[in-house]
Amino acid sequence: MMIGFSRRAVVALIVTACHTLPAFAAPKILSGTVVYRERIALPPSARLQVSLLDVSLADAPSKTLARTVVRPRGQVPIPYKLRFDDVRIRPGHSYALQAEIRVDDRLWFLTTTRHSVFTGGADNTEIVVERVGPGPR
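Each residue of the sequence shown is one higher than the one before, counting from 12 in my numbering.
Simulated from the structure, these hints should not be mistaken for laboratory data.
Careful: at least some of the hints might be erroneous.
In silico BS3-like cross-links for lysine-lysine, where the CA-CA straight-line distance does not exceed 25 Å [claimed, not checked]:
id : residue 1 : residue 2
1  : Lys39     : Lys92
2  : Lys74     : Lys92
3  : Lys39     : Lys74
Based on the provided sequences and hints, a complete structural model is requested.
Shown next, in the form of structure tokens:
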């Protein structure tokens, strides 16, 4: 014996099933540059790391949402592209970009000011890093 479904029942079943599936968002990209003011050439072993942080809680460590590592080609400005999942961006939270340049696992440059993003205006994606390490020998 065959059970018959009306066309309306089938459409309602499909619509209900679609609403219960998780939404799959395409990754978003923040792009920008990292610069420093010193007149120092980076050696070939230099690596730039840019991270997207949730900095909402003042009394807790920030949470890293995305990270990219770039091998600089040439000198500053160093371009980067940071892919992130926008599903992890929550209303009411605060987000910032952080950058560091390491040479042979030694920290040379680091962000020392906050580079806020997702504030409703233009995202501050040019990151200025300050020298904190020994530099060239």
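Straight-line alpha-carbon gap Lys39 to Lys74, limit 25 Å: Distance of about 18 Å is within 25 Å: holds.
25 Å Cα cutoff - pair Lys39, Lys92: holds, 10 Å
Hinted pair Lys74 and Lys92, Cα distance within 25 Å: holds, 19 Å
Checked against the numbered hints above, the structure violates none of them.
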